[in-house]
Structure formats: structure tokens, C-alpha cells
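Guided by the hints, dock chain D onto chain P, whose structure is given.
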Amino acid sequence: MGHHGAPGQGVKTNFEPAFEAFEQVARWRGFAVALVLASRDCVKLVNLDGRVAALNPAGEVLLQLDDPMKLVGRLWEETWPELERDKVREALRLAKAGLSTTFEGFCPTAKGEARWWQVTVAPIIDEVGVVRSLLGSSRDITAQRDREGQVKEALTRQRQAILSLSADFEESARRLRDAEARVVHDDKLRMFGRFVGSVVHDFNNVFAAVHGAVRLLRRRVSDPLALDVIGHLENAADRGGTLARQLLDFSRAEVEAAEVFSPAELLTRDSHLLRHIVNTQAMLCVEATPGCWPIMGSPHKFQSVVFNLVANARDAVFANGVITVALENCPALHRPEGLDAADYVSLVVADNGAGMAEEVRKRVGEPFFTTKPAGKGTGLGLASAFELAAACGGRVFIESHEGSGTRVSIFMRRSAVEGEAVATADSVVDPALHGGARILVVDDDPMVRSHIAGMFRDLKYDVVEASAYEVAAASVEGGKSLDLVITDVSLADGLGDQLVSELRRTQPGLPAIYVTGSSGLVIPRDETVLRKPVSETRLAATVLEKLGRLPVAAPELALRQVERIATKVRDPDMKRNLSEWRLLTQAGRRIPSVFDLGPWRQEPPPLGYIVAVGEGDPPKLRFARAGAELSARLGRDLHDSEIVTGDEDMLGDIPRALRRRLDGSPGYDYARFALGDGKISTVERLLLPLADSTGRVGHIFGIVAFNELASTPEPT
Amino acid sequence: MIPNFESVDLARKIEALTQVERDALPYGVVKLDARGVVQEFSATEAQRSGFKKRPAVGHDFFKEVAPCMASPEMRGRVEAAAARGTVDIEIGWTGDFDDPDREIRIRVMSASDGGLWLFMNRDEL
Chain P
562 MGHHGAPGQG VKTNFEPAFE AFEQVARWRG FAVALVLASR DCVKLVNLDG
612 RVAALNPAGE VLLQLDDPMK LVGRLWEETW PELERDKVRE ALRLAKAGLS
662 TTFEGFCPTA KGEARWWQVT VAPIIDEVGV VRSLLGSSRD ITAQRDREGQ
712 VKEALTRQRQ AILSLSADFE ESARRLRDAE ARVVHDDKLR MFGRFVGSVV
762 HDFNNVFAAV HGAVRLLRRR VSDPLALDVI GHLENAADRG GTLARQLLDF
812 SRAEVEAAEV FSPAELLTRD SHLLRHIVNT QAMLCVEATP GCWPIMGSPH
862 KFQSVVFNLV ANARDAVFAN GVITVALENC PALHRPEGLD AADYVSLVVA
912 DNGAGMAEEV RKRVGEPFFT TKPAGKGTGL GLASAFELAA ACGGRVFIES
962 HEGSGTRVSI FMRRSAVEGE AVATADSVVD PALHGGARIL VVDDDPMVRS
1012 HIAGMFRDLK YDVVEASAYE VAAASVEGGK SLDLVITDVS LADGLGDQLV
1062 SELRRTQPGL PAIYVTGSSG LVIPRDETVL RKPVSETRLA ATVLEKLGRL
1112 PVAAPELALR QVERIATKVR DPDMKRNLSE WRLLTQAGRR IPSVFDLGPW
1162 RQEPPPLGYI VAVGEGDPPK LRFARAGAEL SARLGRDLHD SEIVTGDEDM
1212 LGDIPRALRR RLDGSPGYDY ARFALGDGKI STVERLLLPL ADSTGRVGHI
1262 FGIVAFNELA STPEPT
Chain D
38 MIPNFESVDL ARKIEALTQV ERDALPYGVV KLDARGVVQE FSATEAQRSG
88 FKKRPAVGHD FFKEVAPCMA SPEMRGRVEA AAARGTVDIE IGWTGDFDDP
138 DREIRIRVMS ASDGGLWLFM NRDEL
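Going down the list, the sequences are from chains P and D.
Mapped onto the numbering used here, the consecutive letters of the first sequence carry residue numbers 562 to 1277.
Mapped onto the numbering used here, the consecutive letters of the second sequence carry residue numbers 38 to 162.
If you're looking for bench data, these hints aren't it; they were derived computationally from the structure.
Treat the hints loosely; a few may be bogus.
Unchecked claim - If you want a taste of the chain D side facing chain P, the calculated C-beta under 10 angstroms gives, among others:
#	residue
1	I39
2	V74
3	G129
4	W130
Please read all numbers here as calculations on a predicted model, not as lab measurements.
A virtual CB, placed ideally from N, CA and C, is assigned to each residue, including glycine.
Pulled out of the complex, with its shape left as it was, chain P reads as follows (with noise of 0.2 angstroms):
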């Protein structure tokens, strides 16, 4: 039926619309409630003062409702959580005004399940558009927002582990980055090195010039006056020769081989830098045992171990710190707990300063690891106590507590064999030993060339002089053959060992002697290197040694003798030196220097003396050192006397027995006395021979023991 009904039907027309308004109205409200009904949602019934007028069966079901009636009546928002009520009201405020909404919000059912709902709420306007009463339409989507959530979440945790992930790049970066910087800066000090390194090698050479000349100018001066300048020059050449000397090891960045050498000398020789280190921060004590035993490792490591370690001392130190460095000897009887069995030299930096917490006691020893701030540490102060310790067979230990102080020890392994450090001022070179050779001396420097070239010359050698390779090379040829090559590493056209080994096409087994004065040249293997600045008496020693002309004692004669002795010494103290003695020589295949001696090279032990071994045929023998006790029981100051030789008779004197042990094998006597008066007396002496750095036998140690024991009385 259409609002315009067939012509004809006049009066009826005017009531049709109203009629059909009321049907359309009754059919709708038909509708409507059928569709309510058959709403799976919940469907209400809201008044337009917010209460709720009706409900229809699902609705009960989704709200779990015992009585609906429970329900009705009531402000619908009211039965919604505090949180959601907003929502809640804002959508009935825009019904009320016309507007049809849908929001998510999150109600529990009577019975307290969590539910989300998916809530429309709409206007119902009558016929002339008036909004009489509001309809709310809640469908639950829990389910789906479960699903939803399960996905947010996995979602939010990718994006926080990206996030992480990011984070962790970007710690990364931040580190490559200040590992960027500090090779940048370690380069920079490494380039500087290398500039110090060539600029000192050009002072040694100026050294070694002054030095050269200032020995020719003693020769043929006799004005007093003249002699005490040249004694000032020769004072201040030294002086020079050592900075230069200094300087170089601290330039030295590159891997050094491992050396034999003396840790005490080494801080000994560096105590006032490390003073000026520490400056006036701290006091620096530096103890360093001189009869500390050699260690094998690298000098320069050890020293910048040294620095390292004081100058992270200084920085933990407070108003009246106090830095303790010292060295000594480990015994392997007192080697602590995961040390192999070997004797060891212990180094130890203690401070009394801000200690450290445990969890950076752990981290301590890591590369680049460091509690300062930019450019105030490298890290790698304790990096390279492990590794200088791990080189030395050793180990580091660490004790520290937060507000006590740290204390550092490093062991490194006691070396076997004797350094070069040995004193070579006690070093006899007999001038009758030299000469009578052709030496090549090769150096571009004509000042370091010419001072060594007359240094042999005076010492009657046939010397050829060559400032470069290819001039050397040429100054051979369908010459003379050579004796010996003395050659700088490095020459301005080429390398010494190059030269060395051509030479040697035509005359192998040719022998050589390296001398270098510059830091970071490849030191040719198996090869005899010195360092510049050289003293004429090593130089002069090691020429004697490549010549073959220098006795070198026999170790396995001296092992065998040792073996015999070691079954007869009572003394404990005279048994230890003897196998001390023993050790040395099993490891280093030769007899142990007087270096070895440590602290007794100066001060023997009571009983003990030092003699030492000079010129003539016999040797003339010396009485260098001796101990108080032994003095006081002979009743003469023995320092410093000649010993006489005595007319051999059968029992033997003490010069023979001294002179026997010029062979390098050891001695021993001894005498018991059982007198019958209740005491038997024994004496026992001991005599090692030491060599000098030469290697010829240059000292005997000799030893006493007295000791005296109650006797039973014999049986007659």
C-alpha cells in the first residue's frame, strides 16, 4: 500500500497515512521485538535517565544473570567497572543526542568471568524524531580479544627484543668506537715511539763517537788537568749513553723476543722515572732484591708491567699513600698454591689506596677494561700483567678490598740461565787473546764505524771498514777471506743479515755480530745481537767468543764432580748452595756467573769468601770478599789479600784447590775430629767456581761450615 491510494477515494486518503503510519509502527515494533529476541547479544533496554528498562534471554545468558530483574532498574554504567564507565556514559550522552556508537570496553558477568564486549548504543526515535529511549547492544568478543592480545603481546615482545637487540648494536658501536679511538692513540704513541726510537739511535751513535774519541784522547794526554776533563767528558757520555738507552726501551713497541735478564736491574735503573710517576702523590718504595735471579721474557714488557701498575696505584691512592714495588726471590718451596714446581721471581705493586669492588676484581685482566675515564687508562695495565706472567711460565695474583688497597703479585718463572746483564765490569779480556784476524766492520754511521774499526785495530786486528752494504759486499770480493762480520741490522741499502749470508755463500759458517741501536728491526734469529750503546769490553768478550778463543768451563765435568759431592756434604746450608749450584748449571749447560751469587757478591755469608781469579800462569788468585766470621777465625782481614801459593805437599793447599776449580768443576774437603773429649768438631768447604761473562772461570765461591756434635764416648 502506497501514502497515494487509487482516485475516488477521497476522505478515506486524508486518515491513510495515519493508519498506515500505526501499521508500519505495530509492524515495526513487531519486528523489533522478534529481532531483540532473536539477538544473540545482549540487547537493553536503557531509559533515557541512563536505567535500564529491559533485557532480552541472551543478554541474561552473557551476563550470567540468576534474575534479570536484578538488573533492571538499575543505572546501566553502574554495572560497569569504575575504568569503563566513561565510555559508558559518553555513549549514552551521544544516543540521547541522536548519535549511534560503539565502544570496547571490558565488564565481568555476575558470576565474575572477564569479558570483553563490543557495545553499540543507539538512539530509538519516534515517529516525529523525538529520541524517546536508548538501545544498547553488547556482543562478547573475549575470544577474540584473547587472540588479539596473545598476538600484541608475541608483537610487543619482538619489538622489545629488537629494541634490546638495537641497544646491544648500539653498545657495540659505542665500543668499536672507543676501540677505534684507542688504537688511533696507541698508533699515535706508536709512531712516536718509532720517532724517538730512530732520533735515539742517532744520539747512541753520538755517544759511541764521544766516547770513541775520549778514549783516544786519554791515550795520549798526560796534562792532569786535561785527564780530569775527559774523565767529566767520559762521566757525561755515560750519563748520556744511559738516557739514550732509557728512552729506547720505552720507544720499543714491537714483540721482542724473549732475553734473559735481571728484573731488579731493570727497576732498579727505573725507580726515580716511577718516582716521577707517582710524583708527589704518593710514597713510592721501591725494594728491589739485587740478588734477585734472572727471569726470560721481554724487559720492555716488564717495564711497562711496572709503569702500569704504579701508575694505577697513584690513581687509587689517597693523602698519604703509600706504593710498595718490590722484587724478590720465590723458592719453589715457597711458590704459592697453582704455580708449577719451579723457582720464581715475584713481582709486587701494593697501594693503600680505594681498593677495588669484587665485581671489577673479576673483570680486571681484560683487554681495554678500565675504571678511568677517557684518555686516563688504556685498560691494559692488568691485560699485560697476565700476559707478562703467562709469558714468564708465572701467574698473577690479586688481592684487594674496597677501602684497603690492591696488591698485585706477579710470579714469573726464575730464568735457568745467566742474562747478558751479567757484570761485565769484573769481565777480564786479555789483550793477549785478541788480534791477528780480519774483521769486517760494517755500519753507515762513520762515526760509530771508525770507533769501532780502531777499537780493534788497537787490539791488532785486520780490520775492513764498509758503510754500506753494496761497499762491503764489494770489499770482499777475491779478497782476503774474513774471520768475523761486525755489522749494524739495519743499513742505509739494505739489511745486515742480507749481507751476512751473501757473505757467507762464499765462506760458511762465517761468524757475526750484530750491533743495533734502533727499536722495531727484525732481530735475525739464532743470531748474536747488541744493543747499541755497547760497551768495548762485551764487544770486545763476544769477538773473543765468535774467534773461538775464549775456554768455555766443561759443565758435564762439573755435573759429574757435583753428583760425587752431593753424597758427602753434611751442612744443610752448604747443600743447598751446592745444588743451587747444580741447578744453574744443568739449565744454563754452563757454570753459573757470579751475578748468581745475588747479594753475596757483595756481602758474602759469614763463613763464606769470594775470590777472585786474575792474570798470570797460575792465575793470580785474590781474596775479593770474605765473610766477618771467616775473618775473625783466621785472624786477618782476608778482603782483598793475595792469596799465595804454597808449596804443594800431600795434603794439599788452599791455592791448589782454588786453582783445580779454574777447570769449572767444583771442590770439596772436609775434616771430622773425634778427639775423645766428649765432641766431635767437623769442618766442610766448599768451592764453585763462577765464571765471568766471558765464560771463563772468574771467581770461586768458597764456603765453610763448622758444626759440632756431642760424642758417645768410644769404646776402648
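Same frame as chain P, now just chain D:
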């Protein structure tokens, strides 16, 4: 039977032998009288010692042999022991000979007649 060089009463055992037996011993025997003059020099000693020279032991023991023991007290003790006849001194050397593998031990013991016995044992190892 050869008296053991180590025995506590070696002097008494040696005195019980004849001179021929003493000459046959593996170690050298020298007899000094109370004044330090050599009375007997065994064949073994003459052969082994190599230097065929009279020992000077009795004369300046402290100066030549054990200068470290040259204290008045020690001198006194040795002299008293010599007077009592209770001297028993043993001296040993290792590594003091041309042949480094040789070593020598000497025992100096009071003889019953107031003199001294010297027994020289060379170990060849």
C-alpha cells in the same frame, strides 16, 4: 781379613797386622812417631801417592790442612788428644786431583806408642 777403613778401631786392627800385611792393604799406611817423623811408609802408599814425598802432616797441620780450625782451642784439643792417645781425625777431598774422578780420604789416628797412624784411601769411582 782386611780391616775396614771405616772401622772405629782401625788403628788397633792395623797394629795387629805385620808390615808385610800392611803393605798389601788396598789403602796406604804411614806411621809417624811421637815427634812426627815418618817411621813406616807402606808400599801401597808409595805406589799410589805418586809424589814419593814424605808427608808433612805432623808439622803444620793447622796451617796447611785446616787453617780454619787453627783456633787456640782447637790446637789445644788436638794436642790433648795426641797426649791422651785419642786422636781420630778424618779428612776427605773431592775434586782435588789431576784426575777429577778420584777422591781421597785420610784418617789420622793415635798409635798405641804415642805416635800417629795415617791411612790414605783413594776411591776410584
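Against the structure, the hints:
1. I39: violated (21 angstroms)
2. V74: Because about 15 angstroms separates D/V74 from the closest Cβ in chain P, which is outside the 10 angstroms limit, the hint is violated.
3. G129: holds (5 angstroms)
4. W130: Holds: closest Cβ of chain P sits about 4 angstroms from D/W130, inside 10 angstroms.
Violation of the numbered hints given earlier is confined to hints 1, 2; the remaining hints are satisfied by the structure.
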